[in-house]
Every structure is written in C-alpha cells, then in structure tokens.
Amino acid sequence: MSPDDQLLTVEEAAEWLRTSPRFPRRLIAERRIEFVRVGRFVRIPASALREFIADGRVEPMSASDVLTK
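For the sequence shown, the positions run 12 to 80 when the numbering used here is used.
Think of the hints as simulated: they come from the structure by calculation, not from any bench.
In this text, a Cβ means the ideal position worked out from N, Cα and C, and glycines have one as well.
No incorrect hints appear here.
Listed next, with one range per pair, are the computed distances between beta-carbon atoms: (1) E26 / V47: 14 to 20 Å; (2) R51 / P71: 39 to 45 Å; (3) F52 / R29: 20 to 26 Å.
Let the hints inform the model, and build the full structure from the sequences given.
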C-alpha cells in the first residue's frame with residue numbers, strides 16, 4: 012500500500028466492484044483481500060481492489076485457440 016493510496020469503506024468498495032457490501036466483507040473475513048483497521052473501522056486500499064480485479068482477470072481466447080479445442 013502506498014502512502015497516497017485511497018482507503019475505501021466497505022460500502023465504497025462494494026460500489027467499485029458493483030456488488031453488495033456483503034461481498035467485500037466476505038473477502039475480508041476470508042483474508043482474500045488486503046484491508047486496514049483504523050480504530051474499530053475497516054478500510055480497503057484502492058490498490059487492493061485493483062489487484063483483486065487483476066488477479067481474477069481471464070484473458071480472451073484467440074480464434075485459433077477456439078478452433079483447436
């Protein structure tokens with residue numbers, strides 16, 4: 012996490028991911044995403060969301076891949 016990384020609430024993270032707040036909470040509970048405790052509050056670095064999205068990215072198949080399978 013960089014010093015200028017934006018910290019998002021669970022609700023803001025859900026908006027970023029276009030999900031309900033339950034999904035980022037589950038990611039936190041399962042330790043599948045980096046998070047920060049600020050007192051009793053939980054914040055998610057924007058970089059952690061970008062990394063989570065990048066890790067789940069599936070590259071498209073080329074036409075030759077489709078024809079050979």
